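Using the sequences provided together with the hints, build the complete structure.
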Amino acid sequence: MIIGGGLAGCTVAKELSAAGIESCIVETGASIGGKVRGYGCKSDTKCNNCGLCAVGTLWRDVEGDMRVKKLCNARVIDISDAGGVFCVLIQSDGGKIEERFTDIVVATGFEYPAETAGAGYDASEFPRVFTGHALEKLMKDRGADSIFPEAPKSVAFLMCYGSRNLKERAPYCSRVCCAYSTRAAKVIKHYYPDAEVIAFYMDLQAVNPGNYAAELEGRGIRLERCRPADISFDGGRPVIAYEDAEGRKTKSFDYLFLNTGIHPDIPGNTALADITGLRVRSDGFLAYVKPPEKTGVYLAGCAASPMTIVETMASARNAAVALINNAAGGRVR
Amino acid sequence: MIVASQKPVEEIRETLKDYKKVLIAACGTCVTVCLAGGEKEAKELAALLSLSGEQEFKVVTPERQCDAEFLAEFDKDVRQADAVLSMACGAGVQFMAERCAGKPVIPALNTSFLGVNRDVGYWTEMCQGCGNCILEKTGGVCPVARCSKSHFNGPCGGSSNGKCEVDPSIDCGWQLIYDRLKSLNQLHRLYEIIPPRDWSTSRDGGPRKLRRTDVVTEEV
Amino acid sequence: MKVIVVGKSKYRDAFQSALRDAELEPVAVETAAGLKNLPEELPVVLLYDANLSPLIMEEGAAEKAVSVLKPQDAVVFLMDRDEDANPHIEYRVLETASRLASAKRRVTVLLRSCRAPDERFDDLYRIARQKGVTFIRYESLDITENEGIYTVVARDGKLSVSIDTPLLVDCGEKPSWELQEFSDALRLRTYDGGRISGNRWFLNQGATFKRNVRLVDTAALSGDIQRIMPALVKDILALEKPAQEKTAFVDAEKCAFCYTCFRVCPHSALGPDHGAAAMKVNDLLCEACGICVAICPASAIEFKAASPAALGDKPADAASGEPAGAASGDKPTDDTLGNKPAGAAAEDRRRTAEVPKETAGGKLKIFCCENSAFIIAKEALAGTDVKVESVPCGKDIEIEPVPCGGDTDIEPAPCGVNIDIEPVPCGGAVNAAMMANALRSHDRVMVAVCCEDACRHRDGNKRCIKQVERLKSRLDSLGYDSGRLSYVRTGVTMVEIFKEAALKALAGGEMK
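Residue numbers (our numbering), protein chains in the order written: chain A, 1 to 333; chain B, 1 to 220; chain C, 1 to 512.
Hints were generated in silico from the structure; no laboratory data involved. Computed from a prediction, not measured in an experiment: that's the story for all the values here. It cannot be assumed that every hint is accurate.
To be verified - Anything over 12 Å on all C-beta distances counts as not near chain C; from chain B, calculated:
{"id": "1", "residue": "18"}
{"id": "2", "residue": "72"}
{"id": "3", "residue": "125"}
{"id": "4", "residue": "130"}
{"id": "5", "residue": "139"}
{"id": "6", "residue": "162"}
{"id": "7", "residue": "180"}
{"id": "8", "residue": "187"}
{"id": "9", "residue": "190"}
{"id": "10", "residue": "198"}
{"id": "11", "residue": "202"}
Stated by the list, open to error - Quick look at which bits of chain C chain A covers, simulated, 3 or more residues with Cβ under 8 Å:
{"id": "12", "segment": "230-244"}
{"id": "13", "segment": "371-377"}
{"id": "14", "segment": "495-504"}
Ideal Cβ positions, reconstructed from N, Cα and C, are used throughout, including at glycine.
Below is the structure:
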């Protein structure tokens, strides 16, 4: 059983299928694909290395794969030991069903915060504010000449918005935001060369080899290192108040992007840890207690820690390969 | 090998305009290697020229057009055409013309030089076929072909940073000769004067012919 | 199965024994010359020990270096690295800095950007801060040296800091000249700067364009070879079979032995067969991209079904109508342009032989790269009022309408005649002859290729665009409307962009 039909879960399913192993994806959503299926390639005319092309025909392949059973609109309620195999209780459209599996892969991914940390409001109420998920949709749906309904004069990115902040429940780096938001910034600047694009940051990852900050500034993206102090709205337009070396400043923008980061689904992870024998780390992500070869429970993807698309696929592959090797060698629990 | 390049496509079309059925004869040797007149180029040209819908084209690819046996394979196709567009070098075009009595044979290429392939898509002239090779005296670099003025005894003095005054993208032939003789520790050879030559071994003596009488037994 | 292990890495023994555990047979090769005369398709692992300062790589080396310093001397770590392929170097730097700081040294770490790969980095960073390591971020750096003392001036906007130190540890990676030698011997297509990689470095670090050659960066493993072994072994075993269901195949009779295909093949899968005086494709290296098929000036290369048979056997000739090298007696006749007859072409759509007129329909023909445009082509055009027909390519491309995880709903696409879509394995598999031929049966032709730097066959997309541009100028000189031919660059999700380009091409314009 693969809990979660997103990027990690589907990658595991495809690997297992290639090795002749059948699997069953249990997915809470209406279809497989998770969040990544809604993501958009971030090349302007040049590839910006987001890794989406590695996904390729994954969704289609898994949807058409007879060895992969797909239970959508379903969730795992309970797992118990039934003499060396797992007996799983699944809640689905057709009611509760019970299935048996030899191994379990936990690939439940992450969640988007319902509330953007620190702002105290729901960003979806504000059409000029985009969180990570909404940014991806823009990148996916864009036309050849336009991204937004109206061309912006100024765009702001708040990096590290949902992370690296003990107070607001994310005492870690989300790993992906520097990359995806600066890529999106490059795309926006390419479409709207006259727009002012500013990235407010505390730390900037070295996303590409070389001096990434210089690369971004060479593309006309202004980098401001500061702590954003406050977001307010002036007639619907976001206004950023921030402090830099010279003191406090404010600036208003047409569009605001918040890097809300990757957050673990803590209640969901806690419940899963209970029934799978995994543990919840201090930061809310899942981790092994005993090695998966002993327990038969494997972890893949962002359920374990923030990961990029490429890393997620690599982690899923590793889990699948470990599972296949374990199956081939005879399971020892 | 022989290096040639395709004539501008509108020029080719102009020369073919009076003919309804055209046989395009590609050539599988030198002009294939220099990407000018091989089967692929012939097919592209055929498709382009067919766009008007007014002419019919057929493509054949003899291995070479400078040996009669290869041409013989396509005599039948020649007979059925109004004209032949030969994509071979000038030698092949003419050989084909000799063979195709009464059929116009049109060249598709401009044959340029004897040269070498330095990289994909890049060829440079190396030899002029002067018939009297002195490469041994000049460290393996030809003053006839690679000096723009064909000087025999040193540079003209117009070169700059190793480049020819005629065209700065051309290496000065005598710079190349000097560098090469130096690397061979043979710079003293520059003191050997190469006398003015008898150019009758070259094209200046008229179109040349070559016979190896030892490989034929009948009287010629 | 033999696996060549290249390099004098200090991890070589551990690596070789891990390979033996997996029932593989490691063969050590220390120099580039040792790679000669080995079969081209044998798996090769380049064990690469990053050339880093011993002060951070060797146990105790840093302590030894500081032991000769005065107590008040500062130690400065310069974490200014152009190469960012290896975040694990930062771990070492932080660990070393922490150890020195614990021993009451004044330690400063200078860094330009902060990479936080996982919680381990955050932990190490926090520990280092607690131990008293100073971290200074800079935008620009000036270093001067005077009698063994380095003066480092770090500037960041308006702020600047100056430090004097007798021990400046450069944590950068020095390029390894050996890597270049090995790369040349293996005929790898190196990325610029001599890094063995490709433009797909971020997808699979360690992979090269040659499927049998992998780079293992030992510094990244920190000695933990086992972490990568399962996936690596699986990849190595996969090398026993060809990568795709078909491979390129050279007709030795037509081959002019010009070496063009050899030079352009991104996967170094072609090699000379001097006996036959022709090029030969190594089935186990060929990725069936079609670049050689398209570029061959003698039209001597085509796709054939791959067989798992060892190199040397002719592949089972399932796809084409004629066995290679057949006597001319039973040859099916080509049509007037030298194209294969409709039957043979229909059996194997992958040939660059032109699409026969009989099967062409529609007004616009789009050649779609399978790695990007073809994935979204049908979805992009569904819901418009153009009718789309897709040429079957041997793969099942019928898509059931399924709601995506995102918000897009797909309507089923009716089949029809306005647009013909032909999938190609790479933009580079489309040459001018194919496009010119398509213009005979269609009003307009468009090629949809991957974005710049995104070609998984290195430069196939670039090659295609060059062919398009050349053909356009020839169309112009003939007085035809060169706008009939166009191209678009697409990524795997650019549904809207592809749709706009296709509709615009259909209407007679072009996307820029």
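Hints versus structure:
1. Consistency note on residue 18 of chain B: stated as away from chain C, and its beta-carbon is indeed over 12 Å from all of that chain's, at 17 Å minimum.
2. With a least CB separation of 14 Å from chain C, residue 72 of chain B remains clear of the 12 Å interface cut-off, as annotated.
3. Against chain C, the non-interface label of residue 125 of chain B holds: every CB pair exceeds 12 Å, the least being about 18 Å.
4. With 12 Å as the threshold on Cβ separation, the claim that residue 130 of chain B sits away from chain C holds: the shortest Cβ distance comes to roughly 27 Å.
5. With a closest Cβ-Cβ approach of about 27 Å to chain C, residue 139 of chain B is found to remain outside the 12 Å limit, as its non-interface label requires.
6. With a least CB separation of 27 Å from chain C, residue 162 of chain B remains clear of the 12 Å interface cut-off, as annotated.
7. Under the 12 Å C-beta cut-off, the non-interface status given to residue 180 of chain B relative to chain C holds; the minimum distance is some 25 Å.
8. The Cβ of residue 187 of chain B lies farther than 12 Å from every Cβ of chain C, with a closest approach of about 32 Å, so its non-interface assignment holds.
9. With a least beta-carbon separation of about 36 Å from chain C, residue 190 of chain B lies farther than 12 Å from that chain, consistent with its non-interface assignment.
10. Here residue 198 of chain B stays apart from chain C, with its beta-carbon at least about 37 Å from theirs, past the 12 Å limit.
11. Listed as a non-interface residue, residue 202 of chain B keeps its Cβ farther than 12 Å from every Cβ of chain C; the least gap is roughly 29 Å.
12. Closer than 8 Å: that is the beta-carbon criterion, and the segment 230-244 of chain C has 3 residues meeting it against chain A, so the requirement of 3 holds.
13. Against chain A, the segment 371-377 of chain C contributes 3 residues with a C-beta closer than 8 Å to a partner C-beta. That satisfies the three-residue criterion, and the hint holds.
14. By the rule of at least three residues with a Cβ nearer than 8 Å to a Cβ of chain A, the coverage given for the segment 495-504 of chain C holds, with 5 such residues.
Comparing the model with each numbered hint stated earlier shows that all of them hold.
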